[in-house]
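With the hints as extra help, turn the sequences into a complete structure.
Number of protein chains: 2
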Amino acid sequence: MAKQSVLLLGATGETGGSILEGLLENGSFDITCLVQPSSSTKSSVQALRNRGLKIVIGDLNGSVEALAEVVRGFNTIISAISPPYQMAQIALVDAVAMTTTTSRFVPCAFTTVCPPGGVMHQRDEKEIVYQRIWGHHLPYTIIDVGYWHQFSFPRIPSGRFDYAMLLPRNDIYGDGNVPNLMSDLRDIGKFVARIVRDERTINKKVVAYSDVLSQNDVVAIVEEKSGEKVEVTHVTEDEAIQRRDKARVALEAYPSDNMNTMARWTNEYNVSKYVRKDNTLENAKYLGYIDARELYPDFQPIRFETFVQELLQGEAKKLYAGKF
Amino acid sequence: MAKQSVLLLGATGETGGSILEGLLENGSFDITCLVQPSSSTKSSVQALRNRGLKIVIGDLNGSVEALAEVVRGFNTIISAISPPYQMAQIALVDAVAMTTTTSRFVPCAFTTVCPPGGVMHQRDEKEIVYQRIWGHHLPYTIIDVGYWHQFSFPRIPSGRFDYAMLLPRNDIYGDGNVPNLMSDLRDIGKFVARIVRDERTINKKVVAYSDVLSQNDVVAIVEEKSGEKVEVTHVTEDEAIQRRDKARVALEAYPSDNMNTMARWTNEYNVSKYVRKDNTLENAKYLGYIDARELYPDFQPIRFETFVQELLQGEAKKLYAGKF
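Residue numbers (the UniProt record's numbering), protein chains in the order written: chain A, 1 to 324; chain G, 1 to 324.
Be a bit skeptical, because a hint or two may be false.
Subject to a maximum C-alpha distance of 20 Å in a straight line, what follows is the list of computed SDA-like cross-link-like pairs (lysine to any residue) [unchecked claim]:
hint : chain 1 : residue 1 : chain 2 : residue 2
1    : G       : K277      : A       : Y130
2    : A       : K3        : A       : G52
3    : G       : K225      : G       : F299
4    : G       : K229      : G       : Q313
5    : A       : K205      : G       : G135
6    : A       : K204      : G       : Y296
7    : G       : K205      : A       : G117
8    : G       : K285      : A       : L185
9    : A       : K205      : G       : E282
10   : G       : K204      : G       : Q313
11   : A       : K205      : A       : L287
12   : A       : K317      : A       : F161
13   : A       : K205      : G       : Q131
14   : A       : K229      : A       : Y163
15   : A       : K204      : A       : K285
16   : G       : K285      : A       : D162
17   : G       : K277      : A       : T100
18   : G       : K285      : A       : A97
19   : G       : K277      : A       : L185
20   : A       : K205      : G       : G117
21   : A       : K317      : A       : R186
22   : A       : K225      : A       : K285
23   : A       : K225      : A       : P297
24   : A       : K318      : A       : Y147
25   : G       : K277      : A       : H137
26   : A       : K277      : G       : A97
27   : G       : K205      : A       : M259
28   : G       : K205      : G       : Y296
29   : G       : K285      : A       : Y130
30   : G       : K204      : A       : G117
31   : A       : K285      : G       : Q131
32   : G       : K205      : A       : H137
33   : A       : K205      : A       : K317
34   : G       : K205      : A       : T100
35   : G       : K3        : G       : T101
36   : G       : K285      : G       : N203
37   : A       : K205      : A       : L185
38   : G       : K204      : G       : T306
39   : A       : K204      : G       : N203
40   : A       : K204      : G       : D298
If you're looking for bench data, these hints aren't it; they were derived computationally from the structure. This one's a predicted model, so the numbers in the text were calculated from it and none came from an experiment.
Given below as structure tokens:
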């Protein structure tokens, strides 16, 4: 059987990198990476070439007609564009719709479960892209994954986790008991490889995850595995909302300050996950998602517990290596 | 068994009136009509009182807390608010969410199938209301119904239809072959009465309809039943788009001119229905709707053919009686 042709945008990023590995490991795909002209000489793109991967250059900021010629003929198109560039997908959606050769477009979702409408700016940008897809009647699959294990562990006093730590998660919101969907970053691609070959997921939202854990569950697992006491800080729900509102005001005042952008992301995530209880399996089902774990009962995702074991063994990988 | 308590907003309107009759005929509901303070002395509201219907006064423009006290305790809340006041539902949604006593909120959908995102202004306003519902995790059902028979018939030369005519539909768009979902206005309430008692429709979008007909189908039915030749005018797809764009510009220039508002509605509907092919069963399924005809195979809606027969017999009712 001919391999399924896939065009992947964002292969050098964390999510896109996981997707690339997942598709390669699965073996059913003929993969091409879509790269922006401005990135074509980057070492990360050269590394893809060195692995023998096919690269095509396409400009999301150029003419839609030219982009349509680049994306024409691919059966499946997956976008894992980096967070600040979500809106550049509008041109990609328009280009894909012009070709009529794509049987599934996977926009850049890959985030927590959250409704559109003022909860998270990032989520609302994604919604505009989804609406563009629906406007074209384009076949699609939206895949969300909860929050990554790699972002969800607290610091422990010995400092044994510090080598892999980007954002320490020692703040406990409210009573710490709100359940949250979680995934290991490495599993995202394995889920995607199954989902994009599955007719049941066409024109659907799918939620993929390994665990549903509260912050208290996370602390308990880390304490049990490490034998250390996690030092937590308590944040009330009202404080979380105040921090978010402050971050929004700061960004509005100084929109070009990237620290303000990061602060809004982080605080909007915290309110959505821990105060609003958006990132739960119950809410995913309410919002119309189908459950990847029910679709693929044989798939064994990497549990948070396993990830913590790797962390302790010094085997975890720091994300965004070289950037922070 | 205790009757299901329903609060209905918009009972004096065309859609709300159909819903009221459908709920009454079904017999399973304990109905209360929600009326705005400014409407409480209207003769149409007095007519509801005269029929023995319960009326509560609630102000959508007042405090949300006060409105919550009005809506508290109703099992099912159905909004058929009139088109220009869609955004007033935001306060209603917030009030319903405060009570936690409502097991199903039915926002004012009751329109054609159309994606959000710039196709129809009315649809985009409804989407903001839906997002508000999702933001509160409120149980809901969205019910769309296609275009009404009562708005879909062309003028015939003898003038025999003129008594019931609001908008003559003698423009044929493109080749006239685009299928469209259609419902008889009188069936909306019958569908709603079934849908709001059905657990399968909770947190779902449902599409209800009697026919899927193209404009050429409509003309053929009318010609066959009347024995007259329908005089049609052909409008190209490009012309339809130009008319819509012109109507949008005119409204932007003179937003308080209600004729401009009506012109935008009409022209946006035409492009959505006849050029974009949004109001089809295929598109409804693509957008995630479940099909009321599949849910209720025993229900026999009033077919367009039957409606035309009534029209010819002088038995059809002019809509918005006394207003035009």
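Hint-by-hint comparison with the structure:
1. G/K277 x A/Y130: Between G/K277 and A/Y130 the Cα gap is close to 18 Å, so the pair holds against 20 Å.
2. A/K3 x A/G52: 17 Å, holds
3. G/K225 x G/F299: 24 Å, violated
4. G/K229 x G/Q313: Holds, at roughly 18 Å.
5. A/K205 x G/G135: 17 Å, holds
6. A/K204 x G/Y296: 24 Å, violated
7. G/K205 x A/G117: 18 Å, holds
8. G/K285 x A/L185: Roughly 32 Å separates the two Cα atoms, so the pair is violated.
9. A/K205 x G/E282: 18 Å, holds
10. G/K204 x G/Q313: Status violated; Cα separation ~39 Å.
11. A/K205 x A/L287: 9 Å, holds
12. A/K317 x A/F161: 11 Å, holds
13. A/K205 x G/Q131: 16 Å, holds
14. A/K229 x A/Y163: Measuring from Cα to Cα gives roughly 19 Å; hence the hint holds.
15. A/K204 x A/K285: 12 Å, holds
16. G/K285 x A/D162: Not satisfied, since the Cα-Cα distance of roughly 49 Å exceeds 20 Å.
17. G/K277 x A/T100: 16 Å, holds
18. G/K285 x A/A97: 19 Å, holds
19. G/K277 x A/L185: 40 Å, violated
20. A/K205 x G/G117: The given pair, whose Cα atoms are some 18 Å apart, holds under the 20 Å limit.
21. A/K317 x A/R186: Cα-Cα ~11 Å, so holds.
22. A/K225 x A/K285: Violated. A/K225 to A/K285 sits at ~32 Å, over the 20 Å cutoff.
23. A/K225 x A/P297: Judged against 20 Å, a Cα distance of about 27 Å means the pair is violated.
24. A/K318 x A/Y147: Distance ~16 Å between A/K318 and A/Y147 Cα, so the pair holds.
25. G/K277 x A/H137: 10 Å, holds
26. A/K277 x G/A97: Roughly 15 Å between the alpha carbons, so the hint for A/K277 and G/A97 holds.
27. G/K205 x A/M259: Outside the cut-off at roughly 40 Å; violated.
28. G/K205 x G/Y296: It holds: about 15 Å lies between the C-alpha atoms, which stays within 20 Å.
29. G/K285 x A/Y130: Since the Cα atoms of G/K285 and A/Y130 sit roughly 16 Å apart, the hinted pair holds (cutoff 20 Å).
30. G/K204 x A/G117: With Cα atoms ~18 Å apart, G/K204 and A/G117 stay inside 20 Å; holds.
31. A/K285 x G/Q131: Measuring from Cα to Cα gives roughly 16 Å; hence the hint holds.
32. G/K205 x A/H137: Within the cut-off at roughly 17 Å; holds.
33. A/K205 x A/K317: Violated, at roughly 29 Å.
34. G/K205 x A/T100: Status violated; Cα separation ~27 Å.
35. G/K3 x G/T101: At roughly 16 Å apart (the allowed maximum being 20 Å), G/T101 and G/K3 satisfy the hint.
36. G/K285 x G/N203: The given pair, whose Cα atoms are some 15 Å apart, holds under the 20 Å limit.
37. A/K205 x A/L185: Measuring from Cα to Cα gives roughly 19 Å; hence the hint holds.
38. G/K204 x G/T306: 30 Å, violated
39. A/K204 x G/N203: With Cα atoms ~15 Å apart, A/K204 and G/N203 stay inside 20 Å; holds.
40. A/K204 x G/D298: Roughly 29 Å separates the two Cα atoms, so the pair is violated.
The structure fails hints 3, 6, 8, 10, 16, 19, 22, 23, 27, 33, 34, 38, 40 (numbered hints given earlier, in ascending order).
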